[in-house]
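Asker: Chains as they are written, first to last, in the working numbering: chain W, 1 to 455; chain F, 1 to 455; chain X, 1 to 455; chain Y, 1 to 455.
In case anyone wonders, no lab produced these hints; they're calculated from the structure.
Any given hint might turn out to be false.
Note: identical chains are not told apart, hence a pair may lie in one copy or across any two.
Stated by the list, open to error - Below, in silico cross-link-like pairs of lysine to any residue (SDA-like), each with a Cα-Cα straight-line distance of 20 Å or less:
#1 K326 / Y306
#2 K360 / E404
#3 K88 / A110
#4 K88 / D162
#5 K201 / M325
#6 K377 / H397
#7 K332 / Y239
Residues per chain, in single letters:
4 protein chains.
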Amino acid sequence: MIGIFNQKNVAELSYYGLHALQHRGQESAGIVTSDGHRMHIHKGEGLVRNVFSQMEMDRLKGAHAIGHVNYASIAESEALNVQPFLFKSAGGELAICHNGNIVNSKEIQAFLEREGSIFQTNSNGELLAHLLKRTRGDMMSRLKEALNYMEGSFSFLVMEPDALYVAIDKDGMRPMSIGEFTNGGYVVAAETCAFDAVGAKYVRDVLPGEVLRIGAAGITTDNYAKLTRHLMCSMEYIYFARPDSDIEEINVYESRKRCGAVLAKESPAPTADIVIGVPDSGLSAAIGYAEAAGLPFETGMVKNRYIGRTFIEPTQELREQGVKMKLSVIAKVVQGRSVVLVDDSIVRGTTSRNLITMLKNAGAKEVHMRIAAPEIKHPCFYGVDYSSYEELISAKHTTEEIRERIGADSLGFISVSGLMKGVGRAEKFGKKCGHCTACFTGEYATHLYNDEVTT
Amino acid sequence: MIGIFNQKNVAELSYYGLHALQHRGQESAGIVTSDGHRMHIHKGEGLVRNVFSQMEMDRLKGAHAIGHVNYASIAESEALNVQPFLFKSAGGELAICHNGNIVNSKEIQAFLEREGSIFQTNSNGELLAHLLKRTRGDMMSRLKEALNYMEGSFSFLVMEPDALYVAIDKDGMRPMSIGEFTNGGYVVAAETCAFDAVGAKYVRDVLPGEVLRIGAAGITTDNYAKLTRHLMCSMEYIYFARPDSDIEEINVYESRKRCGAVLAKESPAPTADIVIGVPDSGLSAAIGYAEAAGLPFETGMVKNRYIGRTFIEPTQELREQGVKMKLSVIAKVVQGRSVVLVDDSIVRGTTSRNLITMLKNAGAKEVHMRIAAPEIKHPCFYGVDYSSYEELISAKHTTEEIRERIGADSLGFISVSGLMKGVGRAEKFGKKCGHCTACFTGEYATHLYNDEVTT
Amino acid sequence: MIGIFNQKNVAELSYYGLHALQHRGQESAGIVTSDGHRMHIHKGEGLVRNVFSQMEMDRLKGAHAIGHVNYASIAESEALNVQPFLFKSAGGELAICHNGNIVNSKEIQAFLEREGSIFQTNSNGELLAHLLKRTRGDMMSRLKEALNYMEGSFSFLVMEPDALYVAIDKDGMRPMSIGEFTNGGYVVAAETCAFDAVGAKYVRDVLPGEVLRIGAAGITTDNYAKLTRHLMCSMEYIYFARPDSDIEEINVYESRKRCGAVLAKESPAPTADIVIGVPDSGLSAAIGYAEAAGLPFETGMVKNRYIGRTFIEPTQELREQGVKMKLSVIAKVVQGRSVVLVDDSIVRGTTSRNLITMLKNAGAKEVHMRIAAPEIKHPCFYGVDYSSYEELISAKHTTEEIRERIGADSLGFISVSGLMKGVGRAEKFGKKCGHCTACFTGEYATHLYNDEVTT
Amino acid sequence: MIGIFNQKNVAELSYYGLHALQHRGQESAGIVTSDGHRMHIHKGEGLVRNVFSQMEMDRLKGAHAIGHVNYASIAESEALNVQPFLFKSAGGELAICHNGNIVNSKEIQAFLEREGSIFQTNSNGELLAHLLKRTRGDMMSRLKEALNYMEGSFSFLVMEPDALYVAIDKDGMRPMSIGEFTNGGYVVAAETCAFDAVGAKYVRDVLPGEVLRIGAAGITTDNYAKLTRHLMCSMEYIYFARPDSDIEEINVYESRKRCGAVLAKESPAPTADIVIGVPDSGLSAAIGYAEAAGLPFETGMVKNRYIGRTFIEPTQELREQGVKMKLSVIAKVVQGRSVVLVDDSIVRGTTSRNLITMLKNAGAKEVHMRIAAPEIKHPCFYGVDYSSYEELISAKHTTEEIRERIGADSLGFISVSGLMKGVGRAEKFGKKCGHCTACFTGEYATHLYNDEVTT
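Next up, chain W with everything else stripped away, as it sits in the complex (with noise of 0.2 Å):
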């Protein structure tokens, strides 16, 4: 998700800034322009660099811009819920896109079909624009009026022809930062990494229950909610991130690290020979681990970087004969040792159990996995790809007998209190918060409606 005000090429800024944001969704892309009275809208299925080319781009006209690129796979009537929306109504343009879960919207939506609305899509951006609608005032005081509908996590970036909007839940579970160019513009975007990608400067992030207008005047700021948090959730800098973004000032690659080398305290590998993690999202806290634990951080495993929407699958009989696809083994760097195997994290088990079977057939002595996230006990109702008890292995069985399923000579789990210090947020927001650890814990930091839960 991202937001670009007064800039010369801005369908082009989107574009390169969406393609650095391209890990956060694959599914779909967008992009809506303003040129300060009419709106342009270009979105659809695939990679940003599949959903535009130079003449879509050439429609794109304007300086200002909101641009979304989307992973959840949607199953029936995929092209009506691609972001962002672009909505007509007696106050001209308004195009919206948002990312997060809002967990009350079933509600919100029942009251609104009550009161007359109907709905085209399944999307909280139209549900927010039918908020809008209900209200009166400027747009700041009527986002100020509908955002209080909303409970959950959230960001939502708003554009009028001439102004953007963007904010946060109040719990500030989702990530949204605010850049300057050096010309004069700004960009706002879910990652600071976008930042880098169209030359833009980082000036600050968006506040829990803040809502900013970006403008001809600049930068104006108030707050729809009083009672705020700083709960980022924790998945962010555990996999989500790019490791050159920095959430909240705090660099993604280096929380890892850090993370990394708590969980060399915690849960040290004393037979260990070498380190290595599991590529792309277990490297960073394997470097950390290895530095912490005094051993020696050896690239273990390779990714193949092309697999895509049309790869075809092997058949079980050709997995059963040894067929590999998406990772392979040094043999030469594993043979005969005992290594310590870093990953970010364990849903259900199932990956961690071919990894250890490949490093064991590779001819690895022993393998103790060290996981950089804590045992995931609970779903996660805020917009993390797992939604109920029934997937995640650690809500079924203790460790020890994760352990023996996935084959593992040892497993350790970086604490909740670890992964707090590794990250370091509680030196910035004070102890008691400064994560959503819902998924670890099970508390939850909203109400949660028809998503309660039942073990």
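Following the hints, position chains F, X and Y against chain W.
Answerer: What follows is chains F, X and Y alone, placed relative to chain W:
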């Protein structure tokens, strides 16, 4: 390039094998299978996963196959040059594919045209087919005779309905290895990473001047040349091969790491705080450098994985404005630090200059560039992608001039002997040989014919 | 536009029905099916055969459906305007599609926006959805109320999970017919040729101002308007409809033939040797003209069927050099002969001029142009593709001036009364009405609102 | 098949020429241009408009070209057989394309393989290239020698960098005409309709056994065979060619009309009310029948133009339910009438049966089927699409049996002599010859080699 003999799902296995070799060629892909009597072919432009659909796989019947991925961007009449080739003649069907560069191909083609041959492509495969046609006896005898015409670097895979043949040039410049399936079938491939992909075990490498036949009776071998050398292309170790491949039993990742260590000895950077590598091919040497220098290895750069054919390149204006698409720096890692930046090689020098500018802009105090290849002072006529003096910065400038041009605080290249030592082939093949180092030293392994060089 | 109620293979039948209606719109296609509870949608740009694959057909479950093909080239945000639309509201799911042109759409949209509606498209379907939202009672009552807002020409298909609704404007400008399957299901379509395609039998036409409900209990009918007229669009008979369709029980081919005969009486060509028609839409009238005039009907022109989206249009230079792509003359047929050339209508006159030049170049002695439509002197605001005086040659020139410009030896148009007589609706609906002839006479059926015209 | 010599926009002209010939082959298309020194090629599968984009057109530089459209659905290794072919040999570059069927191709290929030739395709173009290789002298002499090897029907276009060569078989079974541009260039094409498309004038036809050279000095001609006949394929007149083409100066539409008239004499239908034709290829004969019989010609059937590659064919169940996709009946025209239905030919009889069923279902009182070709009792080995007795209903059944099977009230075929008379070639070429009628009479023009037939 892959060949598979006597396997049930031979089209699928070829697909996964070629997928593992995709880094060696992304322009086109093809597979020919043999059912013992008739051959079946499918080939096309693009990545393996785009060229083949399940429908084509189903048509590729049989138990034997050869397959190919091509990296050359083929200008005109593209489709015609896509490998493998399938030939029909009095002797029946024959499939051929090929890597490398035959330096006397024009001379051979002129000779054959004078003798009455007609060519539809510019391929060395068609050259071999015509040479074979002029010989008599069984295929082994005929290959022995035909291959003696050819000078340069090459590896050939030839398939008759019930046998595979494989040969490399007599100087051993191109790698080719043999693997075995547990159920008795065989696989040959340009890189051993393909064996892991298809679930086969490494057996041995094809030797310089050797020609092998794989048939129902197993493997038989013969030599088409007596005076052979082991002059494996240095660039295979330096950047072509995947780190999980072994070339003549030397693991590529480990050889790169050792070169990094040699480089740390030869070109220390006493004031440096950290070592970072250019992703992906500079990372292994950077790990080795850091370990040998006793400096921390850090992730200082991140590569965007999503660039592909349809990507819209930024205009010059946008580049100058700071738009970045492929590599980005983790500013927090390099800020205020003196950085050793390890890359695999320098060809034109433009990439190095850009990277150093990015690091300096991100706040790096000093950048000490270290290159895990010697200076490339001469073009390659054996298949590597620089074929003129014009494009080689080291052919035109001293090390100090290059340092200045790329903006490094210091610049060091590994020595040719250091490279030898790092890779470690000398121990296996004797002191005098082990590598083609023509691009560093100008000592070409063969006569150069029409490609004869003037500085 | 097609709606099908209670049929087993409803997605397939919709596909074949839309395929039969493809001549009415080649830009986009879409189908919504209902399984009695939920609705399923697929739509996209292109021909029916390109928008739908078997995979999408399989997802379109249910026994009821509405489908649409669109002819308007939709500029920006194309995908958004593709029909049908699927709306979710308190009342459940609702699918809508639409043909024609509502002349007060801007007024209605402005009114609804003032009342708080938000629009995502420019479609009349979304307009109807919002109007319906403001009404109460069952769907029949609500449609009766909502349709009264709308002026202009229209036909609507509305689907609730277990019922279809169909209505046309109160002046009956758009055709819509009802058919029946032998096994009890129903079909409604813009043209009866779709009934043949799906194996259904014609029952009757939808009447002006009528709204019908097709449900499990069969068909029920009501009127939303009392003062209705029968002003079927003349152009439906003249060139929109397929010759095998019947509009209000009058066969299109036969009506065209009769018009040709009337034209032969009104504008004889005494010196003519043969009669030829412009393929395809001038052929029927040419047969009628020839028969009435006692002249031989000949095939004097051939149409190339293979022009499509990706066709490269010739440059002006090549056109002048004589390159022809779409129509060509059978020289042997016209050489030395005096030819009557019958076409359906003249809009700009450029096609006529080109055809006559081609005939003369091929050796025709004389060309007597006869047009089976009256002179089009006024734009259409009800959906036909000429919406300004600017583009109409007959709005700016006398018949004699046009004759001279197109290079005909003589030129004759059918009279308005001749057209009436030829089509033959007067016998059914009484003398005063039967056709919308606004584009010939300037007598528009409705107030014109923002489209109000100045010559 | 088209060849153009000495024209400025030769790629574009080839494109428009092939587009005019598209009805002769919809499976693949290709163009080779020559700039006087080098040749440039582009070819691919699909319609002309899909194979070529402006980018490819721009690459096809030069003033001379040959181009081809192919109708054969080519099974395996499709891309390899797409024409034209471009060959490189000692003599330089040579481009070849070809139509027809050479009955001794296997014998020639076996001979050439014994002599050492290697084949990459199954094409007759490659056969000719290898034969040419074995000859000496200038290209005219070499073609004269090479073409004498070949028996069967053929037309060849051969391009050297600065000359075009064209030849047809010595029995003149394939048509090929020569045209002239006003500015001095030449065009040769399989059908004269291509001349109109590119703005050229017809000059004359290529004669049986003739070989022509078109070069800077104009056209020179020679004969490779002395004993020649004029046995033009009857099917060219009956249904291959476009009605606006002339074959040996006889217009195809007019010949079809005359055949219709002959058929009306030979097989009158005294009780008939109207005459209708099967679109498109039965229409011309229907017009002729109607005129000769004094009956009204009517449009009784309409063809859907939108069927193409991706069309989803209806299931058997849906067909039985009455789903129709390709042809539909105008019920009002045939209701209660006795109809003469004229079609171009009967091969299997299934289409005829379906059409008659449709007409009867639509209310036709009687259907009198009249066929403008004689009974096809023998397969064609010269290029027409029926190559076995198995598929020919007339090879297995009497006229009366066929009538019963297709459900006609009466059935009449034109006689062989009637066809001759209708087409009218006898007047030009003498009584005994003028047509290949092998499929009607079994009198093949050549020895049949491996295709020798057993009933």
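Asker: Given identical chains, is K88 near A110, meaning Cα to Cα at most 20 Å, within a copy, between copies, both, or neither?
Answerer: Classified as between; 10 Å across copies, 22 Å inside a copy.
Asker: When no copy is named, should K326 and Y306 be tagged within, between, both, or neither for a Cα gap of at most 20 Å?
Answerer: both (9 Å within a copy, 16 Å between copies)
Asker: Taking 20 Å as the upper bound on the Cα-Cα distance, should K377 and H397 be classified as within, between, both, or neither?
Answerer: Result: close within a single copy only, 9 Å intra versus 61 Å inter.
Asker: Indicate which option fits the pair K201, M325 if close means a Cα-Cα distance not exceeding 20 Å: within, between, both or neither.
Answerer: between (39 Å within a copy, 16 Å between copies)
Asker: For K88 and D162, with the copy left unspecified, which applies at a CA distance of at most 20 Å: within, between, both, or neither?
Answerer: within (15 Å within a copy, 31 Å between copies)
Asker: At most 20 Å between C-alpha atoms: does K360 with E404 qualify within a copy, between copies, both, or neither?
Answerer: within (14 Å within a copy, 49 Å between copies)
Asker: What label fits K332 with Y239 when the C-alpha limit is 20 Å: within, between, both, or neither?
Answerer: Answer is between: at 18 Å across copies they meet the 20 Å cutoff, but 28 Å inside does not.
No hint from the list above goes unmet by this structure.
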